[in-house]
Every structure is written in C-alpha cells, then in structure tokens.
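Chains as they are written, first to last, in our numbering: chain W, 1 to 305; chain C, 306 to 759.
Hints may contain errors.
What the hints assert, rightly or not - No more than 25 Å apart at the CA atoms, straight line, and that leaves these computed lysine-lysine pairs for PhoX-like:
| # | chain 1 | residue 1 | chain 2 | residue 2 |
| --- | --- | --- | --- | --- |
| 1 | W | Lys247 | C | Lys731 |
| 2 | C | Lys406 | W | Lys56 |
| 3 | W | Lys247 | C | Lys556 |
| 4 | W | Lys69 | C | Lys731 |
| 5 | C | Lys728 | W | Lys247 |
Said to hold, decoys possible - A few chain C residues that don't get close to chain W, going by computed Cβ distances all over 10 Å:
| # | residue |
| --- | --- |
| 6 | Val349 |
| 7 | Asn350 |
| 8 | Met355 |
| 9 | Lys662 |
As the list claims (entries may be wrong) - Computed footprint of chain W on chain C; a stretch qualifies when at least three of its residues, placed anywhere within it, have a C-beta under 8 Å from a C-beta of chain W:
| # | segment |
| --- | --- |
| 10 | 419–426 |
| 11 | 560–573 |
| 12 | 712–723 |
If you're looking for bench data, these hints aren't it; they were derived computationally from the structure. Keep in mind that this is a model prediction, so the values were computed, not measured. Heads up, the beta-carbon is just placed ideally off N, CA and C, and yes, glycines get one too.
One letter stands for each residue in the lines below.
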Amino acid sequence: MQHQLKAGKNSRRLSQSQRIMIVIAVMALVVFYAVFFIFPIGYALTGSFFNWMPTKRVFSFVGLENYRKIFEQSTLGLAMGNTLVFTVVVTLGRTLLGLFFAALIYSMRRGRVLFRTIYFIPVITSTVAVSMVWKWMYEPSNGPLNYYLSLAGIAPQRFLIDSSQAMWCVMAMTIWKETGYAMVMYMAGMTGIPGTLYEAAEMDGCTHWQAFRYITFPLLKTTTEFILLTSFVTYCQTFTQIDLMTKGGPGKASYTMVYYLYQEAFGNNRFGRASAIAFVLFAVILVFSVLQLRITRTKEAEKHA
Amino acid sequence: MKKLFACMLALLMVMSMFFGASAESTREGYVNTGKLHYDLNKEVNNGEPMTLEFWVQVELEETYRKWCDAYTALHPNITFNITSGSYDDHFMKLGMALPNKTGPHLFHMHNGFTDQFMANLKPYDPAVFPLEDLREDYTFVDESLYSGNMYYQGLAVMSCGVFYNKKMWAEAGLTENDIPKTWDDLAAAAVKLTQYDENGKVKVAGFNYNEMSMEYLITAMKYELGSAMFEKDGRTPLFNDDMKKVIEWLKDLYVEKKAGSVELPMSILSFSQSTSAMTYIGTWFGGWMQANAPDVEYGFFIMPSPDGNVPAAYDRSNIEVSPAINGNVTDAEYAVINDFLCYLLSNDNFVLDFALKQYGTPTKKCLIENPDVQADEVLGTTARFMDRLIYPGNYPDSYHSNLKKYFYDEVMLNGKDIDEMMKACKEEIIDSMESTEFVSEEGRYPHADELKFE
Numbered sequence: 001m002q003h004q005l006k007a008g009k010n011s012r013r014l015s016q017s018q019r020i021m022i023v024i025a026v027m028a029l030v031v032f033y034a035v036f037f038i039f040p041i042g043y044a045l046t047g048s049f050f051n052w053m054p055t056k057r058v059f060s061f062v063g064l065e066n067y068r069k070i071f072e073q074s075t076l077g078l079a080m081g082n083t084l085v086f087t088v089v090v091t092l093g094r095t096l097l098g099l100f101f102a103a104l105i106y107s108m109r110r111g112r113v114l115f116r117t118i119y120f121i122p123v124i125t126s127t128v129a130v131s132m133v134w135k136w137m138y139e140p141s142n143g144p145l146n147y148y149l150s151l152a153g154i155a156p157q158r159f160l161i162d163s164s165q166a167m168w169c170v171m172a173m174t175i176w177k178e179t180g181y182a183m184v185m186y187m188a189g190m191t192g193i194p195g196t197l198y199e200a201a202e203m204d205g206c207t208h209w210q211a212f213r214y215i216t217f218p219l220l221k222t223t224t225e226f227i228l229l230t231s232f233v234t235y236c237q238t239f240t241q242i243d244l245m246t247k248g249g250p251g252k253a254s255y256t257m258v259y260y261l262y263q264e265a266f267g268n269n270r271f272g273r274a275s276a277i278a279f280v281l282f283a284v285i286l287v288f289s290v291l292q293l294r295i296t297r298t299k300e301a302e303k304h305a
Numbered sequence: 306m307k308k309l310f311a312c313m314l315a316l317l318m319v320m321s322m323f324f325g326a327s328a329e330s331t332r333e334g335y336v337n338t339g340k341l342h343y344d345l346n347k348e349v350n351n352g353e354p355m356t357l358e359f360w361v362q363v364e365l366e367e368t369y370r371k372w373c374d375a376y377t378a379l380h381p382n383i384t385f386n387i388t389s390g391s392y393d394d395h396f397m398k399l400g401m402a403l404p405n406k407t408g409p410h411l412f413h414m415h416n417g418f419t420d421q422f423m424a425n426l427k428p429y430d431p432a433v434f435p436l437e438d439l440r441e442d443y444t445f446v447d448e449s450l451y452s453g454n455m456y457y458q459g460l461a462v463m464s465c466g467v468f469y470n471k472k473m474w475a476e477a478g479l480t481e482n483d484i485p486k487t488w489d490d491l492a493a494a495a496v497k498l499t500q501y502d503e504n505g506k507v508k509v510a511g512f513n514y515n516e517m518s519m520e521y522l523i524t525a526m527k528y529e530l531g532s533a534m535f536e537k538d539g540r541t542p543l544f545n546d547d548m549k550k551v552i553e554w555l556k557d558l559y560v561e562k563k564a565g566s567v568e569l570p571m572s573i574l575s576f577s578q579s580t581s582a583m584t585y586i587g588t589w590f591g592g593w594m595q596a597n598a599p600d601v602e603y604g605f606f607i608m609p610s611p612d613g614n615v616p617a618a619y620d621r622s623n624i625e626v627s628p629a630i631n632g633n634v635t636d637a638e639y640a641v642i643n644d645f646l647c648y649l650l651s652n653d654n655f656v657l658d659f660a661l662k663q664y665g666t667p668t669k670k671c672l673i674e675n676p677d678v679q680a681d682e683v684l685g686t687t688a689r690f691m692d693r694l695i696y697p698g699n700y701p702d703s704y705h706s707n708l709k710k711y712f713y714d715e716v717m718l719n720g721k722d723i724d725e726m727m728k729a730c731k732e733e734i735i736d737s738m739e740s741t742e743f744v745s746e747e748g749r750y751p752h753a754d755e756l757k758f759e
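With the rest of the complex left out, here is chain W (with noise of 0.2 Å):
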C-alpha cells in the first residue's frame, strides 16, 4: 500500500525536463500572444489618442481628437447602424436556415453526405470569387437575376446600384455563402442526440415538429449559442464583400465600421482615426458578447436552480 502511495506520488511529480518542457510551451504561448495580439491591440489603442500616419512617420499627441472627429461626422452612425442590421439580419438568416436544412438533411435516409458537400461548398470557396459572380449577378442591364425576375414578370431591380437594396443584397449574398457552416455545424449536434429519445417520443404519439420542438431544438442549444456568438463577432467585422461588391455605397449606403475604418487608415492615411473607429467597434462587440454570455449563464443558473 505504502508503495502504491509513493509511486502515485512520484507519477504526480514532474521531472526538471517536463518543467522546462511546460515553461517554454507556455511561454511561446505567451509570446504568441503578446506579439500578435496585446502589442497591436495597444499599439492601436495608444494610436487612438495620436495623430498617427505612418507613411510620413508622424506620431503626435491629440488626446481625444480623432474619438470627437468620429462622433462628430454622420459617417460613424450610419457606419454603425449597417453593421448592427447587417449582424443581426446575417446571424439570424444564417442559424436559421442552417438548422432548417441541417433538419430536412438530417431526416433524410440518403443523399446525406450529397447535400452536406452541396450545401458546405460555398463556406469553402472564397469570399472574393463569390462576391464577384454574385456583382455580375446583379448588373441591372446584363446580370441573370433580372433576366429571371422579368421572366416571372417582375419589374428589374437596380439592386447593388440602389442605395435602399444594395445592403440587403450584400446580406443575400452572405447569408447563401454562410449557412452551410450553420448547417454543418447544427448536423454534428444532432448526431449527439440519442436516438432513444426519439423512439421514447415516437412510443407517445410525438409529431415530427413536436420531436423537433421539444427534443432536437433544446438539445442543440449550445450549439445554437455558438453559432450565435462566432456570427455576431465576424459579422459586426464584415468587410470583404462590401469592399468588392459595393465600395460602401451608393455613396455610403453600404458603409460598415470596418469599411469605414479601412477608408481612414488607408483611403486617408488617418491611423489615428481608424484606431479611434477600431476602438469604438471593439467596446460594441465587447458589450454585446458580454450581455449575450451573461443571458446564457443566467438562464443556466435558473434551470439548475
């Protein structure tokens, strides 16, 4: 017994090897981090309070300057409210369909792994290649979606040249590129769901919505709260698609907070200001991810409780 004791002891010990070991993996991480994320991320935030254009290598101190300039213009507002609709709109449409057609894949007996691929190739083709064939799908004069509506008799849009459709097409197009990560990730929950609980609810006369309601829906809620919360942070940090497809306009119409912020950092060669904007952006994210996790604790203490 004694000696089982001592050789459990010794397993716990860590050889001066194994210590180094640990002390350089943990320190790479450390150094990872730090150079890659806490030196630019306070780079950025002291950049903020300065007028900083690095081309010209100035660097002066302005204190609150470029955070009043931002308020001040309309751009920041208008900046903020396409992202905010263009998050929301985006996450929503994404995790809905993306369950709708993890569901429908799901129940399916064949073609599963068929329409998985289908639905996921978007996810994996490029942003940039996408937002160029969706542009030339909607060319008001030569672009196919037209020619389609005019076949159903509906009058042609001017969609990304129309300053009230063009965000709502940037979305379309994201949302259809999107949801089969949704999909696939909603998929990979389900296959965790036992199937006893089915035949159990199947025994007591269960719907297929009522087996979705009451047994797919609440199991996938973690999975549906991850979704939720990754969406949130890219899609507030959109970018890519709105720079190909619209430039941020009609005039502003498409304007997003990183867009304007990528206007002032290399549009106008203002660091300072786009740091500013990078900065407001970053404190938006932060309070919403902060209520949004804080919700799902809370409801977690109430069912526990």
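Starting from the known structure of chain W, fit chain C onto it as the hints suggest.
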C-alpha cells in the same frame, strides 16, 4: 614554347573578339540624344558585386526587367532582384515597408504617393542629374521638384479624352467630320448612337460615364469653363457655379436626353463589351483596350470645348514617373542607384518603352515627334493638345473618390440635390486634405491667367 605562345595569342584574340562583341551588345538599345550625360564605360561600385531590391508594378515588370538586364550586362557586378505586384498591393506594401525600413532599395513610384512617402525617400543626386540638363531634355522637370529636390522625373504624360467605337459610329451614319467640336455636338452624337430596347430602356449607351469616369469628366469640363480645381490658396477645392453647370449638363445627358444609363456596367467594361458607343476615360485606356478587347476598333478625341473655342484648358494631365529611392540606402547603394537611374533617364529607348507601356506621351522632348507616338491615335492626339493640358500636381486620391461618391453615387444614383452634395463633398475633401501638405500647381500653368480661382 613557340607553339604555346601561338596558342595563347590565338586564345587571346578569340577572347578579345568575344568580349569586344559582348561589350557592343551591352550597348545595344542604349541611345542618348539628350544632354544628360551617361558614361557607358565607367565602373560602378569599384567592380564589387551588389544586388539591388527593386519593387515594380506588375504591368511594368517586363520593361524594367529588360533594362535592368541591359544594365547588368553593362555592369555585371550589379544585379537586380525584381519583385512585382498589382498597383494596390505594390503601394500598400511600400506604405508599410518604407517606414519600417524593410522596403526595397528602389521602387516604381506614382506621384500620387509623394506626400505619403516623402519622409522615406532620398532625392536623386544633383551631381548626377544637373537640373539645367534635365530641363533641356525633358518637360515636367520643375513640377517634379520638392523644396528644390528631385525625387523622380515625369516620363510619360497621361490625360483623358473620349473613346468612340468606330463601327457604331459608322453604323449611326457618322463620319470623321462629325467628331464633336462643342458640348452640344457631343450630346447630339451621343443621342444618335444610343439604342433602346422594346421597353424604351437604353440598350447601347451613346455616352457612358458610369462609376469611374464622371468624376474626371467634371474636372475637365470645369476647366473648359475656365474654373480651376483649387482656389487661390492651392488647397481649398473650387466648387462654384461652373461645377454645378457641368453636373447638370451630365445629368441632363442621361435623364433628359436619355443618351446613357446608370444601369449599364461601368464605363470601361461597357465600352469594351460594345454596350456603350462613347466613353470618357484616361489615355491609359488605349493600352487596356489593346490588352482586353483587341477586336473593338476605337477612335479618340479630346473632350470638345463648350462652344468650339479654345478653352482655358481642355483637360487635366498627370505624369507617370521614374523610380524613387528608399531613404535608407547606404552611400554605396545610393551611388549605384543614381548611376542606374541616369542610365535609364538618359536612354531614349527606355523612356519610349516606358511611355508606350504606360500609354502616355513621352516627356523627353526628342520623343514627342517619334513616329510610334505620333502614329498612335490616342498618344498623337494628346501630344497635339499638350499646350492646353493643365497639371494640377499630386492632389490626393480622395479628391476624385469624393467627387465620384457625391456626384455619381448620390446625385445620379440616389437622386440627391446637387447644391447639398456640393457642400457635403467640399467639406469631406477639405477634411481629407488635412492630412496632406498638397498645394496645387495650377498657378504654374502657362495659361493660368485664363483660369478662375474663386
């Protein structure tokens, strides 16, 4: 012994023939008819090897590689490591690399980046490039100086004009005599060239200024009405009644005369796809058409004046410039780079190659009458109007991007009020100019006395 001596002599003869021939071939292609002197026989870097990093825009890679190779053939101890990238990538990378001292020794420059890059550049050595010699050889010498220093030299002049589809022109019953001489002529020709579908929508535009033309057209037409781009202080954008008149004229062309439509693709694409019969764009478009739509036969004319008389200026001009030197190079590298740049700038054939590649009219005076330049419809026409093209200097990109945003997007697409947009656009340009030291060069224009600055 005699045999050995004879053999050695024969070998020496063969070697001297070989090296003699090779020395000749390295000089091949180098022609200097100007005053700027370059000594082909001078050794550089004391014969010690040196490799220079040279970043270029991808379209110019072939041209630069050719002349770098020629220079290496002349000076085998100097080699070049050329890295190319698209326009956006090239200048974005430079913007990051130069301040961080990781940039190349020399790079293809665009004068639009002068203000941004100036702190990281080294001027050309005045001992190698005497200004009086350059002035004798080139135009645009003084326009390229900053505080008396030369950071590059303009090599090709670009401007804008109207490209028209020759086949459509003939099909509409128009001849060479119908080349517009006034704005009304232009509008009439555009109406004649426009084709509509069964619903009355524009199928083929007579004139297309969509997306990347209207902003430049506004500037040109405003010049033709006698108004400068900037006020007397050289920094405040001049937005006046002439500007409003131009925007109204352009709007009228689409909305009332229905000679164009915002629903057609952007100007250059539509023209290359033959869904627009005329478009207004930079002279570079001639090269673009040759590369992307060689089957479309086009003609070119300078934007006509409002009433057929010679205006204060027909249009704006800009220059494509020689490479710039990184401010962090060592003295030895600086000396070699200056020698290389002198080799390029004194060489008529390099300047001609560069100008033809960039599709601009060469600034080297001896090349303006060059048959290749004159034979080209775009370059030849631009050369004839050079005296009435105005160089405003390296104004920031945000000037025209804001004109596009407010007058094409907001007025033409969103139907907003012209006066309100003029006010908003001016404010935004003034705000974006805060981060630059730009001052307009319009005051140096030989006919500046014919321009209004307020």
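To see whether the hints hold, each was checked on the structure:
Of the supplied pair hints, the one linking W:Lys247 and C:Lys731 holds, its CA atoms being roughly 20 Å apart against a limit of 25 Å. At roughly 13 Å between alpha-carbon atoms, C:Lys406 and W:Lys56 fall within 25 Å of each other, so this suggested pair holds. For a cut-off of 25 Å, the pair hint linking W:Lys247 to C:Lys556 stands: about 22 Å separates their Cα positions. Under the criterion of a C-alpha separation no larger than 25 Å, the hint pairing W:Lys69 with C:Lys731 is consistent with the structure, at around 17 Å.
In summary, the hint linking C:Lys728 to W:Lys247 is supported, as the alpha carbons are separated by about 22 Å, within the 25 Å threshold. The non-interface label for C:Val349 is consistent with chain W: the shortest C-beta to C-beta separation is roughly 31 Å, beyond 10 Å. Every C-beta of chain W lies more than 10 Å from that of C:Asn350, the closest at about 29 Å, which supports listing it as non-interface. C:Met355, annotated as away from the interface, keeps every beta carbon of chain W farther than 10 Å; the closest lies near 27 Å.
At the 10 Å boundary, the C-beta of C:Lys662 stays outside the reach of chain W, the nearest C-beta of that chain being 27 Å off. Closer than 8 Å: that is the beta-carbon criterion, and the segment 419–426 of chain C has 6 residues meeting it against chain W, so the requirement of 3 holds. Note: the segment 560–573 of chain C has 5 residues with beta-carbon separation from chain W under 8 Å; the three-residue rule is met and the coverage holds. Residues of the segment 712–723 of chain C lying with their CB closer than 8 Å to a CB of chain W number 5, which satisfies the three-residue condition for coverage.
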